[in-house]
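**Student:** Numbering of the sequence shown is given in my numbering, commencing with residue 2 and proceeding in unit increments.
Honestly, the hints are just simulated from the structure, not real lab data. No false leads were slipped in.
Here are the simulated DSS-like pairs of lysine-lysine, each with C-alpha atoms no more than 27 Å apart in a straight line:
| # | residue 1 | residue 2 |
| --- | --- | --- |
| 1 | 109 | 22 |
| 2 | 180 | 109 |
| 3 | 31 | 70 |
Bear in mind the structure is a predicted one, so any value in this text is a computation, not a measurement.
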Amino acid sequence: MDFDKMNGLVPAIIQDADTAKVLMLGFMNKEAYDKTVETGKVTFFSRTKNRLWTKGEESGNFLNVVSIKEDCDQDTLLIQVHPVGPVCHTGTDTCWGEKNEQPVMFLKHLQDFITKRHEEMPEGSYTTSLFESGVNKMAQKVGEEAVETVIEACNGTDERLIYEGADLIYHLIVLLTSKGYSLEDLARELQERHSASWKKH
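Kindly produce the complete structure, drawing on both the sequences and the hints.
**Tutor:** Here's what the structure looks like:
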């Protein structure tokens, strides 16, 4: 990093690693950067306090580092984090008063949860019972949920359509996981199909 370009400081853009939402902007000197790398918690150089300042040292709302990237000029950092609590001192999720949420990202959390269930197979879990039932039963369950979703779309209510659609996605993730795949594999397939060069198999 070129810390000399701006008199020893570089801007550090803080981004949520899961939602991709920009949370805040701070500044780091070499010492703050080194401490961030060492501790895994974002530490800035506070220009008002004229000292190092670890975000969350008073509030407990730490920024746990996921990755650190330099830009092409080596004078700006992009730091992806998992935030603990609201980021702004005013109590909002971001320093621009935005909500740091994208409901679709819950699917990633759900995939991780189901993968963990598959690894640990805890007793008393509905997901565990699905895995134990075998591929044929899991596939049958996906088919049942698909039919129920279609019925609600054609002759039911919007509320029930969303309910049954959620059941369908959940059971599909379970089936995929049992076969060693995940929602990410479906996303990659769809991404390839979105390319202008994609040709149907």
